[in-house]
Amino acid sequence: MGSKPIEGERKVFMTGNEAVAWAALAAGADIMYGYPITPQNEIMQYWTRLGPKYNKKFLQTEDELSAGFTTIGGVLAGRRAFTATAGPGNVLMQEPMSMAEAMRIPTVVVIQQRGGPSTATVIYSQQEVTLTCFGGNGEGLRVVYSTSSHQDLFDYTIKAFNTAWKYRFPTFVLSDGYQAKMRESVVIYDPEARGIRMVPTEPFLGKAGTPGEDRPAAHLRNTYNIEEELLEVLSKDIEEYERVAPEIIEYDAYNTENADLLVIAHGVVFRSAAMAVKELANQGYKIGYFRPITLRPFPREQLRQAAQQAKQLLVVESAYGQLLKIVQDNLYGLNVPIKTLLRPGVGITPEEIAEKAKALLAGKEA
Amino acid sequence: MGKAVKIALAGEGGQGVQSVAQILTEAAALEGKEILYIPNFGVEQRGGVSIAFVQIGDEKIGAPKFKTGDIVIALSDRAVRRVKMHVGPETIFVYDASIEGVEEDLPANARKILAIPALETANKELHPRVFNVLIMGAVIGATRVVTVEKAKEAIEKKLGYKFEKDPELRELNFKAVEKGIELVERMGVA
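Top to bottom, those sequences are chains A and B.
The opening residue of the first sequence carries number 3 in our numbering; numbering runs sequentially from there.
The opening residue of the second sequence carries number 35 in our numbering; numbering runs sequentially from there.
Chain A on its own, in the form it takes in the complex:
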């Protein structure tokens, strides 16, 4: 007990779920709350295996509603708390995360997307984009990082805690069953050794001093009596969300200058897109890619800039148009044609993307 879980850094070969557990440990998370669901189970499994050595806690709740609310409770007590879920569990998770949004509670949730709707498959999809970005009965004032590798999973799980606690918006690490279950190499590290300072946590409730005298009263609300009162709070939150969005936004782009075709993909599908695009670019095609890393807030200006130079766009995702809707919304007013490769609930290979891209570049496909 006591010593750091990771000294310096080391290269390891592990599953994505294991990488998340290590990242939470490295980030100094205090407690995980969770309810089992494939394909995120091993996050809980590894956390409970690794955690006790470092005095970390775990609570298995009766369902995901409870896992979400207890995570909020942990945060209110000043603990760096998190949970993880998938599919139907993510549906239930929206109720507590909506509350976190209302009260500006810095929760961290890791999502390992599986096939939907309902139980569907335990394997993989990108069908939880809309749910994770806009699932609550509110405005989607949350941060959503879409990872595409184990390195991303490790890096962004650590970052999620800092983003959440710095900006006080619920923060999600959106991954999928492939990333959860596959094994690949990843460099795990002590954040401090990389100059990453963890944003300190503090209790929301039970602070020292007399409320109203020594300090303002902690007044956390998710209920309002009059419409205008709600609007006042929401306007302030929305204004703040939009103000900090440029600091949070992240994306990756390649070869976007005057591209004949710009491929847009996120998450694990981005890996296939990048392979296909680089292969075709090497063959002399004017093709590039754009990958939003934050799906909320979305890199709107950066995508618009790349898109308006392109002759046509190709949106690729393992869903039937969830990223597409976000892209269309953010590109409103531009008249660049948007083509699609939509494969709900199944993986997409580089070969499939290359084939589609070639057909579009040759003008063979409308």
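To be clear, the hints were calculated from the coordinates, so they are not data collected in a lab.
No experiment lies behind these values; they were computed from the predicted model shown.
In this text, a Cβ means the ideal position worked out from N, Cα and C, and glycines have one as well.
Treat each hint with caution, since some may be false.
Stated by the list, open to error - Calculated Cβ distances over 12 angstroms to all of chain B for the following chain A residues: (1) Phe71; (2) Leu94; (3) Phe136; (4) Arg170; (5) Gly214; (6) Glu231; (7) Lys238; (8) Asp239; (9) Val338; (10) Pro346; (11) Ala364.
What the hints assert, rightly or not - Beta-carbon label-pair distances, calculated as ranges: (12) Thr181(B) / Arg12(A): 16 to 26 angstroms; (13) Lys101(B) / Arg12(A): 28 to 38 angstroms; (14) Lys168(A) / Ile147(B): 50 to 60 angstroms.
Model the placement of chain B on the given structure of chain A, informed by the hints.
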């Protein structure tokens, strides 16, 4: 696309294809290679066809799944039918010679089709329990994706705790790897 060696390994649940994939990728990790290994999994706890998709190379691996493998191995009749779709003109397709009734289902477009007597060899010359390690030897024989030394080191790492109780098991496993390589070499692939 890319230069990684792509391996698809399929068998009945319980035949140990995921264990083979774990040992093989562990060996590759010991050699400092880049690896991506993804098991295919469904809702069933037991039974069904289990597939391991493994890619091993010198650079970071791109996508987790691939359409066409460099080597595709099927260890049961259902597995033959299931992984046929991952065979292309460059693929070496390996299946166990004891599988019956799949003549019609063998891929027509493979570079090479090898029926290896793995099950028979394991049963008669070694022990049924090292059948999967023998298969790993066959993969190594066909691809040279890891060295025999690292394969043995990885076996030691994964099964060492069993060897402590039963040292003969170590020799049996090591022999199985070598035998697997030999079976494929005899067919003139390596």
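Evaluated hints:
1. Phe71: Phe71(A) clear of chain B: closest Cβ-Cβ about 28 angstroms, beyond 12 angstroms.
2. Leu94: Nearest chain B Cβ is 19 angstroms from Leu94(A), so the label holds.
3. Phe136: 27 angstroms, holds
4. Arg170: With a cut-off of 12 angstroms, Arg170(A) remains clear of chain B, as the shortest Cβ separation is near 35 angstroms.
5. Gly214: 55 angstroms, holds
6. Glu231: 48 angstroms, holds
7. Lys238: 43 angstroms, holds
8. Asp239: Holds, because the least Cβ-Cβ distance between Asp239(A) and chain B comes to about 38 angstroms, which exceeds 12 angstroms.
9. Val338: Holds, because the least Cβ-Cβ distance between Val338(A) and chain B comes to about 26 angstroms, which exceeds 12 angstroms.
10. Pro346: Since the minimum Cβ distance to chain B is about 16 angstroms, Pro346(A) lies beyond 12 angstroms and the statement holds.
11. Ala364: 19 angstroms, holds
12. Thr181(B) / Arg12(A): 16 to 26 angstroms: 23 angstroms, holds
13. Lys101(B) / Arg12(A): 28 to 38 angstroms: 34 angstroms, holds
14. Lys168(A) / Ile147(B): 50 to 60 angstroms: 59 angstroms, holds
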